[in-house]
Structures are given as structure tokens and as C-alpha cells.
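Top to bottom, those sequences are chains A and B.
As numbered in our numbering, residues 1 to 270 make up the first sequence, in order.
As numbered in our numbering, residues 1001 to 1260 make up the second sequence, in order.
Where hints are given, some of them may not hold.
Said to hold, decoys possible - Take a look, some chain B residues computed to stay more than 10 angstroms from chain A by CB distance:
hint, residue
1, 1033
2, 1064
3, 1081
4, 1125
5, 1135
6, 1242
Claimed, not checked - List of simulated lysine-lysine pairs, DSS-like, C-alpha gap at most 30 angstroms:
hint, chain 1, residue 1, chain 2, residue 2
7, A, 79, B, 1018
8, A, 77, B, 1045
9, A, 9, A, 77
10, B, 1045, A, 25
11, A, 55, B, 1018
Said to hold, decoys possible - One-sided excerpt, in silico: chain A residues whose CB lies under 8 angstroms from chain B:
hint, residue
12, 58
13, 60
14, 82
15, 84
16, 87
17, 88
18, 100
19, 116
Simulated from the structure, these hints should not be mistaken for lab results.
It should be emphasised that the depicted structure is a prediction, and the values quoted were computed from it without experimental measurement.
Where a beta carbon is used, it is the ideal one built from N, C-alpha and C, also for glycine.
Given next are the chains, with one letter for each unit.
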Amino acid sequence: MENSVSPDKDIISIQNLTFSRGHRKIFDNISLGIRRGKVTAIMGPSGTGKTTLLKLIGGQLYPEHGQIFVRRQNVHKLKRADLYNLRKRMGMLFQSGALLTDINVYDNVALPLREHTALNESMIRTLVLMKLHAVGLRGARDLMPGELSGGMARRVALARAIALDPTMIMYDEPFTGQDPISLGVLVKLIKELNDTLGLTSIIVSHDVEETLGIADYIYVLSEGKIAGHGTPEQISNSGSEWVQQFLKGNADGPVHFHYPADDYNNDLFQ
Amino acid sequence: MIDFFQTLGHSVLSSFAKLGRSCFFLLQILAGILTVIPRPRLLTKQLYSVGVLSFLIICISGFFVGMVLGLQGFYILSDFGAEETLGVMVAASLVRELGPVVAALLFAGRAGSALTAEIGLMKATEQLSGMEMMAIDPIKRIIAPRFLAGFISMPLLAALFSSIGVIGGQVVGVGLLGVDDGAYWSQMQSTLDFQEDIINGVIKSIVFGFIVSWIALFEGYDAVPTSEGVSRATTRTVVNSAFAILGLDFILTALMFGDI
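Chain A on its own, in the form it takes in the complex (with noise of 0.2 angstroms):
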């Protein structure tokens, strides 16, 4: 299958993107592009690299071989102020959150204000109440973390995401671990967080129906490689047996349920 790059019209364009971890490779000689504008999905069981692939485009890790463009920048060759210049206009949404425990929600969500403008503290908390008023918790201001669910902990990260204004945001297993009510809040969030403020979302899961409910495109990972790419669609009715089982999540394929081991009789009765 050909890989939809199309460096013209992508903010993020991977090429020949090789690496590894000791000695298994976690991706090998993969391309692919993310368009702008629109939510892009990488789907594919757990130890497929997807947030390594997250920290690759962040620049938080380096790539054996291969390039990754963000903006036309090549990641890798950036130094790193300009390379936190970058980083001021993606946001990232962490699978825990990573709010800072020490200190209240507000101020989390002011930190990256408070670090990188020079505005005042009355524009600051204008601008903090708005975007957690974004996520519906502006009445949860004066919280720790510690006092916050898993779900409300991810929407205070994601007013934290988009406290800069990003041009796009990268958001890392967003739906695991959400009971059905903070779930569907936080795709109806990310659909209208990307719509309204024109983002590029990048969105990192292995939950198939809320991605492929919300994704413009979707690349699955195996192995390695890239399995299947196209639109939801596209996906839903992929020949490839892999992306089958992936999608309706049968125990047994392409991809085994036992973990590779000798014959289990000589394994019980030597």
C-alpha cells in the first residue's frame, strides 16, 4: 500500500523513520504524513511505538535513521532553543496527564503562560479561565491533581495543551482508562477543539470505535511497519487480516494470543 505523504500539504512528514530498543526494532523504515487540519489517528496494540513515535516527533528521542519534518523543520537538526520554539506551538497530551503535583490547577494551566508571554496576571487568568472553561472545569480552579479523577486530570492537561494557542496537538492514548461519561467527553472535546480552533490533532490508540468515530485518517502500526492506511472507512473495510483482527479484536490471527514459547505438553511433562 502506498503511504499518503504529500509534503506540500502535511505539517508533519516522517520519512524512513528507523528505530530501535536494544535489539528489537520499534519501526522500520516506516513514511508517513499528518495532514493539516485535520485529526489524524495512530492506531495499533500496545508496544507498537505509538508514544514512541509521539516523543520521536517531539524531539524527545532520536531516530537511527530517517528524517521527521514538523513545520518543513527537521527535528532532529534543530538546536534547542529553536527547538522549544517549536515545541511552544504543539501541545502534547499525556496518557497521565503529567500535571505537575505540586501545584493547583490554575497554575498548571498557567505555567506555560507565565514561562513563555509577558502578559500581566489579570490577562493570565483571563486566559487560564477560558480555557479551562473550554473543558468545563473552570469551577475546579483551586483542585490539586491529587483531588482530580483520571478523566478530569486529562481535561485540565488538555486546557494546559492549548493554553499557547498550538497549531496542532499530539494527544497519547487519550480515551484508555475513561469510564463512558469522561470518554465521550473528551472525543467530543478533542473533534471540537480541532474544529474550532483549526488544530491538527494527532491522536495516539489502540480504542477502536472513538477513534475511527473522530479521525480524518488512520494509520495502523505492526510490527514495525504500517499495516493499513485510509480514511475510517477505508480502514473499516481493509482486506488486510491484520487490521482486521485489530479492528474486531479476535484473540487469534496474524497476531498470536500466545507470547512465542516451546511446545506447552513438553513444556508441562519434562
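Once you have looked at the hints, place chain B on chain A.
Just chain B, lined up with the frame of chain A:
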């Protein structure tokens, strides 16, 4: 045999790699300190958690150490009829050695382990990664204020330890064992030298503050981001700090008081 040399070589190489990382980390902290100075709120918060919260353990320990010195010193000195010099013995022991060393060991156990656990957990919960992705340098925002707070707090805590210890010695020596109060203080005043005793003690505590803060923060920053990794890092902070304090104390004592 080959396995033995392989393991030995690997551990030597990883030790040097860790030493290199820690030196680079220290350089980054020192560069980051300049950004803390114009933002005193970051520093005061850490001075509270590193310094003020260690106040109680330092005061109580200092008092007991002073009392023990008073007791032991009295029994030995009274054999020679020299119990009037008890104040000198208590104060010299404290300001030269026990104040800086014991306060630093307590500081490593109380504040150093807390720093390592805090930074290690921040790493494990992706708070440091999150800051980097927000284009905020965690070394400048998180590490440097804590280092500076440890560096400032340690000499003050050591001074407090010695002062309370001298009072503890007086409570036992003068209050319980009958040494003359005037002799206790006047002998101390006339014998202790500001440069030789007090300044050297302060220099020691400054060095220990620097080393303990460096070790504690590096171990947290370099910790494997799991609960076991943070636990091991915290243990390493206390053990390595103790070795560093005692080893450096010998070197500093030899340089300050010996004829080397």
C-alpha cells in the same frame, strides 16, 4: 573467567558513564541557577521544603548530641580536673566535626531522600517529559531551585545544629553535673578561633550541602522511572551521600587542620 571480566568491564564503563552524566548534569544546574535568581518565589518554596522542614530533626538531634558530648566530656575531663574546659570540648567537637558531618548526614536522610523521591516520581509520572514538551527546561524550573535551596540550607542547618548542641552540652554540664557556667562560656570564647574553627566548619557544611544536593537531584533525575527504580535511587542517595560526606570530611580535615 571471561564472564567475570565482561561484567567487571561493563560495570566500570557504566560507572564512568554515570559519572560523566552527573558532571554534565551539574554543569546544566550551575547554568540554570542564573535563571532562579530573578524568580525568588521558586527558591523560597524550596527553601521551605528542604530547609525549614529539616529544622526539627536538626534541632532535636543537635540537642541530644550536645548532651552526650557534655556527659562524656565531663567524665573524661573530670579525671584530669579539667571540667572547666568542657565548653571548649563540646563547642570544638561540634563546630569542627559533628555539626557539619552529622547535620549533613541527617540532611541527606531527611531532605536528600525526599528530593530524589520527588524528582524520580516526577520522571515516572512524565511530569518532566511534559515540561520539556511545553518548552520549559526542567533543569531550570525544577532542579536548579532545589539545588540552590539545598546549598543555602545546609550551612544554616549545620550552624543551628552546633548552636543547639552547645546549649545541650551546657544543660548537662552546667545544669546537671555542676560545671561553672561562666567557665563553660568564657573558656569556649577564649579558646575557639573564628577562622580556624568556625569558618572551617562553615566551609565543610557548604561543601556537604553542594555534594548532597547534587547527589540527591542527580539520582532522582537519573532514576529508572518505576517504583523499584525510584526506591533504589533513594537508597543510593542516602548511601552515596554518607560515603561522600565522610570521605570528604577526612580530606577537608586533613587540609584544614593537618600539616599537609
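So, going through the hints one by one against the coordinates:
1. For residue 1033/B, the shortest C-beta to C-beta distance to chain A comes to about 17 angstroms, beyond the 10 angstroms cut-off, and the non-interface label holds.
2. With a cut of 10 angstroms on Cβ distances, residue 1064/B stays outside the contact zone with chain A, its closest approach being about 32 angstroms.
3. Consistency note on residue 1081/B: stated as away from chain A, and its beta-carbon is indeed over 10 angstroms from all of that chain's, at 58 angstroms minimum.
4. Once the 10 angstroms rule is applied to beta carbons, residue 1125/B is inconsistent with being away from chain A; the minimum gap is 6 angstroms.
5. For residue 1135/B, the shortest C-beta to C-beta distance to chain A comes to about 4 angstroms, within the 10 angstroms cut-off, and the non-interface label is violated.
6. Distance to chain A confirms residue 1242/B as a non-interface residue, since its nearest Cβ pair spans about 28 angstroms, more than 10 angstroms.
7. Taking the CA atoms of residue 79/A and residue 1018/B, the gap is near 25 angstroms; set against the 30 angstroms cutoff, the hint holds.
8. Distance check on the hinted pair: residue 77/A and residue 1045/B sit about 37 angstroms apart at the alpha-carbon level, beyond 30 angstroms; violated.
9. Between the alpha carbons of residue 9/A and residue 77/A the distance comes to roughly 22 angstroms, so the proposed pair stays at or under 30 angstroms and holds.
10. Only pairs whose Cα atoms come within 30 angstroms are accepted, and residue 1045/B paired with residue 25/A is rejected, the gap being roughly 44 angstroms.
11. Among the hinted pairs, residue 55/A with residue 1018/B is consistent with the structure: their alpha-carbon atoms are about 24 angstroms apart, no more than 30 angstroms.
12. Because the closest C-beta pair between residue 58/A and chain B is about 5 angstroms apart, less than 8 angstroms, the hint holds.
13. Below 8 angstroms, beta-carbon pairs count as interface contacts, and residue 60/A has one with chain B at about 6 angstroms; its hint therefore holds.
14. For residue 82/A, the suggested interface contact is broken, since its CB lies about 11 angstroms from the closest CB of chain B, more than 8 angstroms.
15. Hint on residue 84/A holds. Least Cβ distance to chain B is approximately 4 angstroms, under the 8 angstroms limit.
16. A cut of 8 angstroms between beta carbons decides the hint on residue 87/A: the least distance to chain B is about 4 angstroms, and the hint holds.
17. Because the beta carbon of residue 88/A sits about 5 angstroms from the nearest beta carbon in chain B, less than 8 angstroms, this interface hint is met.
18. The beta carbon of residue 100/A is positioned within 8 angstroms of a beta carbon in chain B (closest approach about 6 angstroms), and the interface hint is therefore held.
19. Nearest Cβ of chain B to the Cβ of residue 116/A: about 7 angstroms, under the 8 angstroms cut. The hint holds.
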